[in-house]
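Protein chains: 4
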Amino acid sequence: MLKTVFQDQMPANKHLGLKIEDLEVGYTKIYIPFKDEFIGDFFQNRWHGGILASIADTAGGIAAVSTVESIEDKVSTIDMRIDYLYGSEPRDLYAEAEMIKNGKRIIKVDVKIYHEKEKIIAVGRCAYSVLRK
Amino acid sequence: MLKTVFQDQMPANKHLGLKIEDLEVGYTKIYIPFKDEFIGDFFQNRWHGGILASIADTAGGIAAVSTVESIEDKVSTIDMRIDYLYGSEPRDLYAEAEMIKNGKRIIKVDVKIYHEKEKIIAVGRCAYSVLRK
Amino acid sequence: MLKTVFQDQMPANKHLGLKIEDLEVGYTKIYIPFKDEFIGDFFQNRWHGGILASIADTAGGIAAVSTVESIEDKVSTIDMRIDYLYGSEPRDLYAEAEMIKNGKRIIKVDVKIYHEKEKIIAVGRCAYSVLRK
Amino acid sequence: MLKTVFQDQMPANKHLGLKIEDLEVGYTKIYIPFKDEFIGDFFQNRWHGGILASIADTAGGIAAVSTVESIEDKVSTIDMRIDYLYGSEPRDLYAEAEMIKNGKRIIKVDVKIYHEKEKIIAVGRCAYSVLRK
Chain A
8 MLKTVFQDQM
18 PANKHLGLKI
28 EDLEVGYTKI
38 YIPFKDEFIG
48 DFFQNRWHGG
58 ILASIADTAG
68 GIAAVSTVES
78 IEDKVSTIDM
88 RIDYLYGSEP
98 RDLYAEAEMI
108 KNGKRIIKVD
118 VKIYHEKEKI
128 IAVGRCAYSV
138 LRK
Chain B
8 MLKTVFQDQM
18 PANKHLGLKI
28 EDLEVGYTKI
38 YIPFKDEFIG
48 DFFQNRWHGG
58 ILASIADTAG
68 GIAAVSTVES
78 IEDKVSTIDM
88 RIDYLYGSEP
98 RDLYAEAEMI
108 KNGKRIIKVD
118 VKIYHEKEKI
128 IAVGRCAYSV
138 LRK
Chain C
8 MLKTVFQDQM
18 PANKHLGLKI
28 EDLEVGYTKI
38 YIPFKDEFIG
48 DFFQNRWHGG
58 ILASIADTAG
68 GIAAVSTVES
78 IEDKVSTIDM
88 RIDYLYGSEP
98 RDLYAEAEMI
108 KNGKRIIKVD
118 VKIYHEKEKI
128 IAVGRCAYSV
138 LRK
Chain D
8 MLKTVFQDQM
18 PANKHLGLKI
28 EDLEVGYTKI
38 YIPFKDEFIG
48 DFFQNRWHGG
58 ILASIADTAG
68 GIAAVSTVES
78 IEDKVSTIDM
88 RIDYLYGSEP
98 RDLYAEAEMI
108 KNGKRIIKVD
118 VKIYHEKEKI
128 IAVGRCAYSV
138 LRK
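Residue numbers (the numbering used here), protein chains in the order written: chain A, 8 to 140; chain B, 8 to 140; chain C, 8 to 140; chain D, 8 to 140.
Since the hints were made in silico from the structure, they are not lab data.
Hints are not guaranteed to be accurate.
Note: identical chains are not told apart, hence a pair may lie in one copy or across any two.
[Said to hold, decoys possible] Calculated cross-link-like contacts (lysine to aspartate or glutamate; reagent style EDC-like; alpha-carbon spacing at most 16 Å):
{"#": "1", "residue 1": "K10", "residue 2": "D48"}
{"#": "2", "residue 1": "K140", "residue 2": "E125"}
{"#": "3", "residue 1": "K21", "residue 2": "E44"}
{"#": "4", "residue 1": "K81", "residue 2": "D48"}
{"#": "5", "residue 1": "K21", "residue 2": "D48"}
{"#": "6", "residue 1": "K140", "residue 2": "E123"}
{"#": "7", "residue 1": "K36", "residue 2": "E123"}
{"#": "8", "residue 1": "K42", "residue 2": "D80"}
{"#": "9", "residue 1": "K10", "residue 2": "E96"}
Can you build the whole structure from these sequences, using the hints too?
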């Protein structure tokens with residue numbers, strides 16, 4: 008159900024066109040099909056850095072929310088760091104998010120973005136606040 | 008000219024619908040009109056955190072590029088941190104970006120995102136690598 | 008009293024030799040006298056970057072704790088980013104920390120480190136978790 | 008030789024008392040024996056967060072410098088993020104640093120700090136600027 012909510016009922020995610028390929032407690036893998044409007048500039052022909060940041064935040068948020076036990080628990084992003092490692096290409100991307108801390112009040116998630124898993128294009132580190140009922 | 012390039016010729020920015028209101032060396036103010044697809048989820052009715060990250064990266068990048076002196080200089084984002092301070096509302100936003108370091112090889116920019124300047128919703132801190140000809 | 012606790016009763020701060028020059032709710036200014044052992048390497052003759060990070064965390068923590076209302080409130084650092092802007096010199100430093108968010112559960116603080124206020128050497132951005140009784 | 012320089016000739020590192028246990032190109036493992044003056048406060052009896060930040064910066068810097076090929080290459084820290092995951096104890100620590108990007112001008116390093124490798128206490132992400140001759 009969480010999968011449907013994230014993919015199809017959140018406007019910004021729907022627009023991103025993401026598909027959740029895998030979802031476990033504290034882990035998710037998502038697939039983001041390339042669209043022309045994701046290009047930063049024509050010269051470099053790469054994904055816009057801001058779109059990659061958006062993907063990192065989204066994947067991290069899904070992994071964080073996957074750990075809550077009640078529909079009333081509230082998760083909100085505290086902050087995020089994104090590091091751009093290597094240039095992206097104008098083709099589909101994957102993002103994997105893995106929880107590195109599951110605290111009573113704080114959740115942290117690491118995200119990797121790539122075309123092929125051997126070459127990571129960008130990494131995100133996200134902090135979430137969780138209010139557990 | 009830079010203004011036109013950023014607003015109208017970069018696909019991701021064009022889709023964001025941003026307007027550059029002010030542009031000086033090391034400073035910019037941009038305006039981003041609200042669209043329904045920028046909503047994170049219907050319950051909270053707020054801008055998607057990832058879109059705010061995208062806006063921070065975009066505003067920071069414009070301020071960074073405004074400092075280069077040749078069309079051959081190359082600027083690329085090293086990393087970015089975004090902090091979410093207060094909840095956003097489903098209405099237009101502004102982002103102001105101001106350079107805090109202008110080095111030979113590294114540029115740093117601070118970004119503030121707000122509806123009204125008195126209440127900052129999110130702040131970004133961005134590092135750029137610049138290759139000067 | 009908070010001043011005495013921070014300056015004189017916390018071993019790491021005591022070793023740093025810091026003096027709290029100003030302390031208000033959500034704001035502090037501290038003074039850190041130079042010591043030879045703070046040098047990173049002899050060639051560059053600058054403060055060790057790690058010591059600056061330590062100063063940022065300390066100043067930020069004092070500003071964060073200054074906002075709590077009960078001795079039972081518990082503040083802990085979630086994360087910190089430090090940006091090195093310009094080279095430091097082997098002489099005394101100041102750090103100013105100012106709260107940018109005072110939430111029910113999250114506090115955020117910005118820190119500036121400098122010899123002279125006109126030239127900021129490093130900036131820190133710190134997130135704290137607060138458990139209010 | 009690099010090992011001796013880092014351990015014994017840099018004042019701040021010498022004071023930290025670190026020992027380099029392993030050093031390869033793009034990787035290092037360091038050992039930091041506990042000292043009373045590293046305690047943040049007596050109540051919690053934990054390492055001072057700032058000292059952990061200092062350790063992260065130091066380990067990251069060693070891994071970064073290990074990749075340079077000439078003694079004239081210059082490496083400087085651009086920025087660092089540190090995340091505190093779990094409470095530390097008043098006993099010896101290890102830090103492992105691993106390069107995640109080795110670019111012409113930018114190096115990035117991930118750091119893990121722990122008592123026992125199974126439980127990471129803090130993670131650092133560091134960006135370095137390198138000027139290669």
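Q) For K21 vs E44, is the C-alpha pair at or below 16 Å within one copy, between two copies, both, or neither? A) both (14 Å within a copy, 8 Å between copies)
(Q) Reference check for the pair K10 and E96, CA-CA at most 16 Å: within, between, both, or neither? (A) neither (27 Å within a copy, 25 Å between copies)
Q. Taking 16 Å as the upper bound on the Cα-Cα distance, should K140 and E125 be classified as within, between, both, or neither?
A. Neither: 40 Å inside a copy, 29 Å across copies.
Q) From the Cα coordinates, with 16 Å as the cut-off, is the pair K42 and D80 best called within, between, both, or neither? A) For K42 and D80, the Cα distance exceeds 16 Å both inside one copy (34 Å) and across copies (28 Å).
Q: If the cutoff is 16 Å on CA atoms, where do K21 and D48 land: within, between, both or neither? Let me know, please.
A: So K21 and D48 pass the 16 Å test across copies only (10 Å; inside, 23 Å).
Q.
Cα distance capped at 16 Å. Does K36 pair with E123 within a copy, between copies, both, or neither?
A. Within one copy only: 13 Å inside a chain, 29 Å across chains, cut-off 16 Å.
Q: First find the shortest C-alpha distance between K140 and E123 inside one copy, then the shortest across copies, and answer within, between, both or neither for a cut-off of 16 Å.
A: Neither, since 39 Å and 32 Å both go past 16 Å.
Q: Give the relationship of K10 and D48 under a CA distance limit of 16 Å: within one copy only, between copies only, both, or neither.
A: between (32 Å within a copy, 14 Å between copies)
Q.
I want to check one pair: K81 and D48. Are their C-alpha atoms no more than 16 Å apart within a copy, between two copies, both, or neither?
A. The answer is between: 13 Å across copies meets 16 Å, while 37 Å in one copy does not.
Figure legend: structure checked against the earlier numbered hints; hints not met, in rising order: 2, 6, 8 and 9.
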